[in-house]
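Peer 1: Going line by line, the protein sequences match chains A and B. Those letters in the first sequence? Residues 1 to 618, by my numbering. Those letters in the second sequence? Residues 1 to 120, by my numbering.
Hints are computed from structural coordinates only; laboratory data are not their basis. Treat the hints with care, as some may be off.
Think about it this way: if two alpha-carbon atoms lie no more than 25 Å apart in a straight line, the pair counts; the simulated SDA-like pairs of lysine to any residue are [what the hints assert, rightly or not]:
1. A/K179 <-> A/A395
2. A/K378 <-> A/V172
3. A/K561 <-> B/G88
4. A/K40 <-> B/G88
5. A/K187 <-> A/D610
6. B/K107 <-> A/D41
7. A/K226 <-> A/K378
8. B/K41 <-> B/V30
9. A/K30 <-> B/A12
10. B/K107 <-> A/Q55
11. B/K41 <-> A/L43
12. A/K226 <-> A/L43
13. B/K107 <-> A/V172
14. A/K226 <-> B/E109
15. B/K23 <-> A/T229
Predicted, not measured: the structure shown is a model, and the values here were computed from it.
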Amino acid sequence: MARYEASTPAIGNAEFFRKSRDILIEMERKLSGVVSSSEKDFLALGEGLNAFHGQSLHLADLAKNLADLTSGETMLSSLGRLSEELERMTGICDLRRSEESIAELGKVNAIIDNLEGIIVEFGRIVKKLSMLGISTRIESARLGSKGRGFSTLADDVEKLANNIVNYSGLIVQNAGALKGYVDSASKRTMGIIDTQKSCSINIFEHLKSNIDSLASMTERSAALSKGVTVKTNVISENISQAVLSMQSHDIVRQQVEHVEQAVHDMRAILEENREGIMDSGELSGQAAETVGWVGDVLQLQCSQLEHSKDRFVEAVESLLGNLRGVAESILAISGEIRELMGQEAGQEQTALAGVERGIKAVNGSLREFSREGEELGKLMAAVAETIAAMSSFVAEIEEVGSEIELIAINASIKAAHTGEEGAALGVLASAIQGLSVEARKQTDEVSGILNEISSSSEVLQRNAAGYYDNTQVEEILGSLDAIVSAVSDVDRESQERFARLREQSDRLGRSIQELSERVDFHTKVAKKLEEARESLDRSRGWAKQLVPLEKDHNRSERLKKLYERYTMETERDVHAAAFGAVPKALTGKSNESDVELFDDFSSKGGDPDDLGDNVDLF
Amino acid sequence: MSKTIMTVDDSASIRQMVGFTLKKEGYSVVEAVDGKDALSKLKGPIHMVITDLNMPNMDGIELIRNIRAQAAYKFIPIIMLTTESQAGKKQEGKTAGATGWIVKPFKPEQLIAVVQKVLR
Chain A
1 MARYEASTPA IGNAEFFRKS RDILIEMERK LSGVVSSSEK DFLALGEGLN AFHGQSLHLA
61 DLAKNLADLT SGETMLSSLG RLSEELERMT GICDLRRSEE SIAELGKVNA IIDNLEGIIV
121 EFGRIVKKLS MLGISTRIES ARLGSKGRGF STLADDVEKL ANNIVNYSGL IVQNAGALKG
181 YVDSASKRTM GIIDTQKSCS INIFEHLKSN IDSLASMTER SAALSKGVTV KTNVISENIS
241 QAVLSMQSHD IVRQQVEHVE QAVHDMRAIL EENREGIMDS GELSGQAAET VGWVGDVLQL
301 QCSQLEHSKD RFVEAVESLL GNLRGVAESI LAISGEIREL MGQEAGQEQT ALAGVERGIK
361 AVNGSLREFS REGEELGKLM AAVAETIAAM SSFVAEIEEV GSEIELIAIN ASIKAAHTGE
421 EGAALGVLAS AIQGLSVEAR KQTDEVSGIL NEISSSSEVL QRNAAGYYDN TQVEEILGSL
481 DAIVSAVSDV DRESQERFAR LREQSDRLGR SIQELSERVD FHTKVAKKLE EARESLDRSR
541 GWAKQLVPLE KDHNRSERLK KLYERYTMET ERDVHAAAFG AVPKALTGKS NESDVELFDD
601 FSSKGGDPDD LGDNVDLF
Chain B
1 MSKTIMTVDD SASIRQMVGF TLKKEGYSVV EAVDGKDALS KLKGPIHMVI TDLNMPNMDG
61 IELIRNIRAQ AAYKFIPIIM LTTESQAGKK QEGKTAGATG WIVKPFKPEQ LIAVVQKVLR
C-alpha cells in the first residue's frame, strides 16, 4: 500500500494538515453516493435477471411440450401402425406368388403343346376306324345275307370315328383358347410383377426411409428437449450466481459508507488536534499519535476502497459473465432448433411429405395391382372353365373308346356265328378291339394332361384370388390415410412449436446480450473509487513521512482497536490483509459459521452444515 | 394458501433478490425498508421475518424484540440476514429472539433451504 512512500515530496506539518483536511473534505463529498447512486442500475439488472429466468423456464416448458408431442402417444402409435401396414404391403408385394404363377403358366403352356401332339394321335385312330368301317362294309357285302349285321357294325364304327373327330377337334379348339388365356395371364402376371416391383421400390425407397426419418425426428426432438433442460439447469445456476453477485452491491455500499464515516472521523480528529499538529516542529506526543493514527486509518481506507472497487467490478463482471452465459445457452437452443429445422428444410421434402408421397405412390400401385389381379382372376376362371369343358370332351372320347370295345366284342361274336366265311370279319373285330385299347390309352394321356392343367389352374386361381383381395387393399389404404392424417397433425403442430421455441430463444438470447452490452456503470463507479483511493493514499504517504513506522510506538495497539471496530467479516479480512495478518477468509478457516439456526432448529433435519457455511439456525 | 414472509432491509437490491427468490418458490412477500417500517406493516398473517441487522430508524435487534413482544408473532421464525458475522452480534440476535443467522451473500437455494426448514 506504500505507493507514495518514495515519490511523495517532503511536506511540513502545517501543509500536511491543510492538504489532508482538504482531501478529506473533498472525499467525504465525493464518496457520498458513489455506490448507492448505482443502485437503480443494479435494480434494473435484477429486474432483467428475474424476467430472463422466468422466460428461460418458459422455454424449458415449451421444449418439454414439444418432446411430449413428437415422442407422444399419437406419434409412436402412428409410427407403429405405419410399420405394421408396411409389413402387410410387403406381403402383398411379395414376388414369390407371381413368380410361382409365371412358372405354372409356363408349365401349362408346355402341357398344351404336348396335348396337341397327343390329339394328332386321335387322327390316326380315326383313320384306322374309317378304314376298318370300309373293310367291314366290303366284307359284309361279300357275305351277302350272312353279313347283313356287319353293315350296321360298319355304320357304328364310322359314327364313332366321327365322334372322335368332333370331340378331339373341340379339345384342340379349347386348347387353342387355353393357350390364348395362358398368354394373357402370363402378360398380366408380368404386369403384376412390374407393379409389385414398383410398389416395393416405393415402400423401401420412399416409405421406409421417411418413416425412419420421422422416427429420427422424434428422437432428435426428444434429445433437443433434454438438451434444453440441461441448459435450463445451467441457466438456473448462472442466475443463482448472479443473485450472489447482486448482493455485493449492498456489501460494497456498506464498505464505502464505512470509509465515508472513517473519513469524517479523521477530519474531526485532525481538527481537534489542529494546534498540536500545526505548531509542532518534529511531531511528538498526542500530535504524533494523531498523525500516526490518521496514516493507519488512511491506509486501511485505501485498502477498503481498493477491495470495494475490485469487489464491485468483479461482482458486475461476474453478473455480466453469468448473463452472457445465459444468453449463450439460450442462443445455443435456438441454434440447435435452427439446425434441426434446417436439416428438414435442406431436404427435398420433409420426412412427413416423403411419407405422404410414398403412401400416395403405394396407393396407386396397390390399386393398379388390385385391378390387374381382378382381371387375372377372371382369366384364371376362364382357364378353369376351359379345362372343365376339355375334361368333358375327354370323357366323351373315353365313352367312344368303350363303345369301340363293345363293337369289337360284338363283331367277334358275329364273326364266330358266321363260321369259316366270317373269318375275315373276326380279323376286323380284333383290329377294332386293338384300336379301342389305343383310344383308351390316348384318352388316358389327354385326361392326365388335363389333370395337370387343372392342378396348375388351382394354383393360379389361388394366387389370383390373393391379388384381387380388394378388402385387404382397401383396408390398408384406409389405414394409411388415417395414419398420415394423424402424423400430419403432429408434424404441423411440432413445426409450429419448433418455430415458436426458436423465435422465443432468439428474442430472449438477444435481449440478454443487449442488456449485458449496455452495462458500464461499474467502470464509472470503479473510476471514482480509484480516484478517492489515490487522494487518500497521497495523504497517507504524508502522514507516514511525518510519523515513520519506527517512531510510531503505539501502532500495534491502535491497529487492534481499529480491527475491533469492524464487525463485517469482509472488512476485518481487508484490515488483516492491509496490516500483514492472514485474513480468515483466505485461510478458508472461519471461527464463526456463516449460517446458524438457534434453539430447536439447530437440531432439526440433522446436519446443520448442509445449509451452508454462512447459515446458523439457533 | 401460500405463506407470507416479511423481508426487512434498507438495501433495495437485497430486498429485490430476497423477494425474487421467495416469490419463485411460491411465497408471498411483504417488504420493509427498516425496523420501523416493518413494525408498521406487521399485520395479519406474517409467517416469517427475514431482517437485516444494521438499518436506519430501527435496527434488526430492536425489531426482533418488538416482534417478540407481540403475542401473534411471538413464535414466528425470524432470520437475520446480514453482513455481520461476529459472535457477539449473533448472540445479541439470539437473545433478542432470532431463529437463525445468514451471512450475506447468500445463494438463492440456501435461503430457500433455511426458509423451508424453519417453516415446516
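Peer 1: Enumerate the violated hints, using their earlier numbering and listing them in ascending order.
Peer 2: 4, 5, 7, 12 and 13
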